[in-house]
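Asker: Residue strings, one per chain:
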Amino acid sequence: MLLNSYQTADLFDELMDPHGKVRPYYETVANFFQDIPAEELDQKVKSLELLFLKQGVTFTVYGDKQGTERVFPFDPIPRVIPAQEWEVVEAGLVQRITALNLFLYDIYHEQKILKDGVIPAEVIHGAAHFRPEFVGTSVPRDTYIHVCGTDLIRDRDGSYLVLEDNGRCPSGVSYVLENRAAMKRVMPQLFGRAGVRSVDTYPADLLSTLRFIAPRQTAHPNCVLLTPGVFNSAYFEHSFLAREMGIEIVEGRDLLVLDGFVYMRTTRGLQQVDVIYRRIDDDFLDPTVFRKDSMLGVSGLVDAVRRGNVVLANAIGTGVADDKVTYAYVPDMIDYYLGQEPILKQVPTYLAWRADDKKYILEHLPELVVKAANESGGYGMLIGPRASKEEIAEFRAKIEASPRNYIAQPVVYFSQHPTLVDGALEGRHVDLRPFILCGETIKVLPGGLTRVALKRGSLVVNSSQGGGSKDTWVLAS
Amino acid sequence: MLSRVADHLYWMSRYIERAENLARLMQVSVELLLDGAALGAQNPDQYWAPVLSATAMEGAFRLLYPNPQPGDSSFFLTLDTRNPDSIISCVQEARENARTVRDQISDEMWTELNELYLQISSQNGAALLNNSPQVFFERIIQSSLQFDGITSATLPRSEGWNFLQLGRFLERADKTSRFVDIKTQTPEGLDPTAEVLQWGTILRACSAHAPYRKSNGTEVSLERVLDLLVFSTDFPRSVRFSVRMVDEMLHNISGHPTGQYSNECEKLAGALLAQLNFSGTTDVLSKGVHAYIDELQVSLNNLGQAIFETYVKLPQQVSGISRPLVFDPFEFHLQKQQQQQQQQPPITPTRLGFLEHHSTPPRASHVHSAPLSVAGGI
Numbered sequence: 001m002l003l004n005s006y007q008t009a010d011l012f013d014e015l016m017d018p019h020g021k022v023r024p025y026y027e028t029v030a031n032f033f034q035d036i037p038a039e040e041l042d043q044k045v046k047s048l049e050l051l052f053l054k055q056g057v058t059f060t061v062y063g064d065k066q067g068t069e070r071v072f073p074f075d076p077i078p079r080v081i082p083a084q085e086w087e088v089v090e091a092g093l094v095q096r097i098t099a100l101n102l103f104l105y106d107i108y109h110e111q112k113i114l115k116d117g118v119i120p121a122e123v124i125h126g127a128a129h130f131r132p133e134f135v136g137t138s139v140p141r142d143t144y145i146h147v148c149g150t151d152l153i154r155d156r157d158g159s160y161l162v163l164e165d166n167g168r169c170p171s172g173v174s175y176v177l178e179n180r181a182a183m184k185r186v187m188p189q190l191f192g193r194a195g196v197r198s199v200d201t202y203p204a205d206l207l208s209t210l211r212f213i214a215p216r217q218t219a220h221p222n223c224v225l226l227t228p229g230v231f232n233s234a235y236f237e238h239s240f241l242a243r244e245m246g247i248e249i250v251e252g253r254d255l256l257v258l259d260g261f262v263y264m265r266t267t268r269g270l271q272q273v274d275v276i277y278r279r280i281d282d283d284f285l286d287p288t289v290f291r292k293d294s295m296l297g298v299s300g301l302v303d304a305v306r307r308g309n310v311v312l313a314n315a316i317g318t319g320v321a322d323d324k325v326t327y328a329y330v331p332d333m334i335d336y337y338l339g340q341e342p343i344l345k346q347v348p349t350y351l352a353w354r355a356d357d358k359k360y361i362l363e364h365l366p367e368l369v370v371k372a373a374n375e376s377g378g379y380g381m382l383i384g385p386r387a388s389k390e391e392i393a394e395f396r397a398k399i400e401a402s403p404r405n406y407i408a409q410p411v412v413y414f415s416q417h418p419t420l421v422d423g424a425l426e427g428r429h430v431d432l433r434p435f436i437l438c439g440e441t442i443k444v445l446p447g448g449l450t451r452v453a454l455k456r457g458s459l460v461v462n463s464s465q466g467g468g469s470k471d472t473w474v475l476a477s
Numbered sequence: 001m002l003s004r005v006a007d008h009l010y011w012m013s014r015y016i017e018r019a020e021n022l023a024r025l026m027q028v029s030v031e032l033l034l035d036g037a038a039l040g041a042q043n044p045d046q047y048w049a050p051v052l053s054a055t056a057m058e059g060a061f062r063l064l065y066p067n068p069q070p071g072d073s074s075f076f077l078t079l080d081t082r083n084p085d086s087i088i089s090c091v092q093e094a095r096e097n098a099r100t101v102r103d104q105i106s107d108e109m110w111t112e113l114n115e116l117y118l119q120i121s122s123q124n125g126a127a128l129l130n131n132s133p134q135v136f137f138e139r140i141i142q143s144s145l146q147f148d149g150i151t152s153a154t155l156p157r158s159e160g161w162n163f164l165q166l167g168r169f170l171e172r173a174d175k176t177s178r179f180v181d182i183k184t185q186t187p188e189g190l191d192p193t194a195e196v197l198q199w200g201t202i203l204r205a206c207s208a209h210a211p212y213r214k215s216n217g218t219e220v221s222l223e224r225v226l227d228l229l230v231f232s233t234d235f236p237r238s239v240r241f242s243v244r245m246v247d248e249m250l251h252n253i254s255g256h257p258t259g260q261y262s263n264e265c266e267k268l269a270g271a272l273l274a275q276l277n278f279s280g281t282t283d284v285l286s287k288g289v290h291a292y293i294d295e296l297q298v299s300l301n302n303l304g305q306a307i308f309e310t311y312v313k314l315p316q317q318v319s320g321i322s323r324p325l326v327f328d329p330f331e332f333h334l335q336k337q338q339q340q341q342q343q344q345p346p347i348t349p350t351r352l353g354f355l356e357h358h359s360t361p362p363r364a365s366h367v368h369s370a371p372l373s374v375a376g377g378i
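Chains A and B supply the protein sequences, listed in that same order. No gaps in the numbering here: position 297 of the first sequence is 297 in this note's numbering, and each next residue is one more. No gaps in the numbering here: position 268 of the second sequence is 268 in this note's numbering, and each next residue is one more.
Bound conformation, chain A alone:
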């Protein structure tokens, strides 16, 4: 029933090929939703909502005085990725994270890539998250990014493009696990015959990743998760991961540094900490080194890190690889460090700090997407084709004022995926955030968070701006 009225559009459709035929790997899902009576589906949708609400799978919306908790909207139609397609994505992600870690090692040591002129030195020195004071400081196993959540989209021809590398504190993995648990519970009949790869090992893999970098290689190094606190929008996720890993979730005020070692305050006194999976930004880690007004950090933490007595995941200074200007050079890094062609393509990027590019950007603002180099969460962005004259004028002024802070990209139309809207299936734009762990080996969680822009025609998938999510099914064969 549902599929009969489904419309494809002039972009890649996840479900149907250009001839309107269901792609073979979607048949199980398509048949299920085709056959299910409307009332039954309605009831399943309701029980999914209730499940999330009851379990408190929520996030907090900023800018709302009440600090309202909202359920992250969930769409019951799963996204399916066939095994062969996933192999390519996985290989591409592994290649990319390998290059990024080599790049970070290089930037914080000899800076060969700058000396060889592959990346202009001013790109790095102008990046807001570059930490020059850490040049020359080594990190265990030379790994900087331990947890990465790369954003992928699909171009018109279906090829995956990297949109962003989130190498600081990517979030969303708890929703991957909770979405899966909810789907198993509410749609067991469908799930049972789909042949989906499990995502359950993520917390265990994350814990091994953390243990792998512990300075004391004892049987049970003390790993903790450092959260900004209960008012943070991702607190649910922090608490979820800590519980799943069986480690303590700590706030800055639970930790203290004595003689270069980090301890947590317990009811039985102080207990040494080895590894901190931190979910707060560099700036707030240590008020004696970074922002002095930070109430979330721990005085002396950075010193303890320098001495190698405690390890942070991710390391300090990974934001330089996250920068949207640095992004433009990732294909060059892959070539420089690995001598390989990038497996995953990325979106062409114009850099406003280059005179030619700036000229092009200013002349083509209504056709381009402009992003602030260091903003995230969909903030500080101009979508040219949808913008008013005033907004365009505003961005023109901003770019003129600080060209280093802006990049522009052509509009890429994300793929669309059938999504349940008022009882019918409609196409909505989706992206994909897979999660990558760099420990003893590099592991890519099969699947990831598929975010969907629930507003018709909207390209913004961010949860803070009206996005929802789907369960992502990577097929075993």
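Source of the hints: derived by calculation from the structure; they are not laboratory data. Heads up, some of the hints might be wrong.
Restraint ranges, calculated between C-beta atoms of paired labels, are given here [claimed, not checked]:
1) A:Q189 with B:T111: 21 to 29 Å
2) B:D72 with A:K46: 35 to 43 Å
3) A:D332 with B:D107: 43 to 51 Å
4) B:S207 with A:Q271: 39 to 47 Å
5) A:P37 with B:A126: 32 to 40 Å
6) B:G255 with A:G136: 46 to 54 Å
7) B:D72 with A:K44: 41 to 49 Å
8) A:K292 with B:A271: 41 to 49 Å
One-sided and incomplete, this derived list gives chain A residues near chain B with beta-carbon spacing under 10 Å [stated by the list, open to error]:
9) Y235
10) A242
11) R253
12) Q271
Covered stretches of chain A, going by a simulated chain B footprint (3 or more residues, C-beta under 8 Å) [stated by the list, open to error]:
13) 49-55
14) 244-252
Beta carbons: idealized from backbone N, C-alpha and C, even for Gly.
Assemble the complex: chain A is given as a structure, and chain B must be docked to it using the hints.
Answerer: Below, chain B alone, put in the same frame as chain A:
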């Protein structure tokens, strides 16, 4: 266990117990109110006055409602979020504490508190209170009892359990003693039927009606009520029973045998328990019920403070060695802790100015780390 986590577990259970006790007291008062209305009573709010006084909320009520209208007091006690001790505020605090330590409690415990909060904070909650107040109060009581049962069936008997029980029984000892004191707040020389009604009310609020009848028949006397609510060794809501649980939990935490003490809170708990063990109704009567309860409340408050000093605050003093901080969020926590304890001072009528202390403390702003979606749009 992290000191902060212990603190959250302790307050989580204190708050749910606090909500339950208020609901108990209001439930029986609603029944009285109905009886009164049947007899043609003019002002239904007079039935809330003892509740306000027993829970030390009169001052706050007068501040928020200088010219109370009918219905104001019951709203103030139940769904008024401006009152930090209203039922809804207690449930919210319990849930917020639970949310903070969700990794430490079972899923079922969280779900119970979360559902209760979602229900009573919604439109349905207000409607339920208006249409069938009895059912509303029952829902709170049931939920607290279920939470207790779920906890008992799902939580390992480790440190967290001990802190949780500590909070529950300390709060219960405090509340039961306040209920007993309600009697001293009412003027002398009421007609005898009214008196019987009132002791009956208090007994029922403590689920002690049937146990009382079983051992004493229908004749109600002050001595026997005190025997049950203050000194009973086996009634789980009596002051003595609750203090014994507190003592036991403290010794479970430290691993030190009972009957001795290894820290200040064990000393205070042991002393209070001994005092309850080796005194009786005649001692209460010779001192005067109100004076006796007042002393008891001071001891309970001191005990709460000592628990905080021993298990939550102490490590902070250690850190004083090497941690110069311009602003220490832990200070705020200490403040909050004291505010929480002071919001229910002993029943000394001059100490009711908690609203000044309880204005919203400066919360650390947690807007800094990346929100869920770090990605841009297109």
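Asker: If a hint holds in the structure, say so; if it does not, say that too.
Answerer: Structure-based check of each hint:
Taken as a hint, the range 21 to 29 Å holds for the pair Q189 of chain A and T111 of chain B, whose Cβ atoms sit roughly 25 Å apart. At roughly 38 Å, the beta-carbon separation of D72 of chain B and K46 of chain A lies within the given 35 to 43 Å, and the hint holds. As the Cβ distance of D332 of chain A to D107 of chain B is approximately 48 Å, the hint placing it in 43 to 51 Å holds. For S207 of chain B and Q271 of chain A, the Cβ-Cβ distance of about 42 Å falls inside the hinted range of 39 to 47 Å, so the restraint holds.
For P37 of chain A paired with A126 of chain B, a C-beta distance near 36 Å keeps the hint of 32 to 40 Å intact. In this structure the hint that G255 of chain B and G136 of chain A lie 46 to 54 Å apart at CB holds, the actual value being about 48 Å. For the pair D72 of chain B and K44 of chain A, the supplied restraint of 41 to 49 Å holds, since their beta-carbon distance comes to about 45 Å. Between K292 of chain A and A271 of chain B the Cβ separation comes to about 46 Å, which falls inside the hinted range of 41 to 49 Å.
Taken as an interface hint, Y235 of chain A checks out: its beta carbon lies about 8 Å from the nearest beta carbon of chain B, inside 10 Å. This hint holds: A242 of chain A has a C-beta 4 Å from the nearest C-beta of chain B, less than the 10 Å allowed. A least Cβ separation of about 5 Å between R253 of chain A and chain B falls short of the 10 Å threshold, and the interface hint therefore holds. Checking Q271 of chain A against chain B by beta carbon gives a least distance of about 9 Å; that is within 10 Å, so the hint holds.
Closer than 8 Å: that is the beta-carbon criterion, and the segment 49-55 of chain A has 3 residues meeting it against chain B, so the requirement of 3 holds. Under a criterion of three residues with beta carbons nearer than 8 Å to beta carbons of chain B, the stated coverage of the segment 244-252 of chain A is upheld, 5 such residues being counted.
Of the hints listed earlier, there is not a single one the structure fails to meet.
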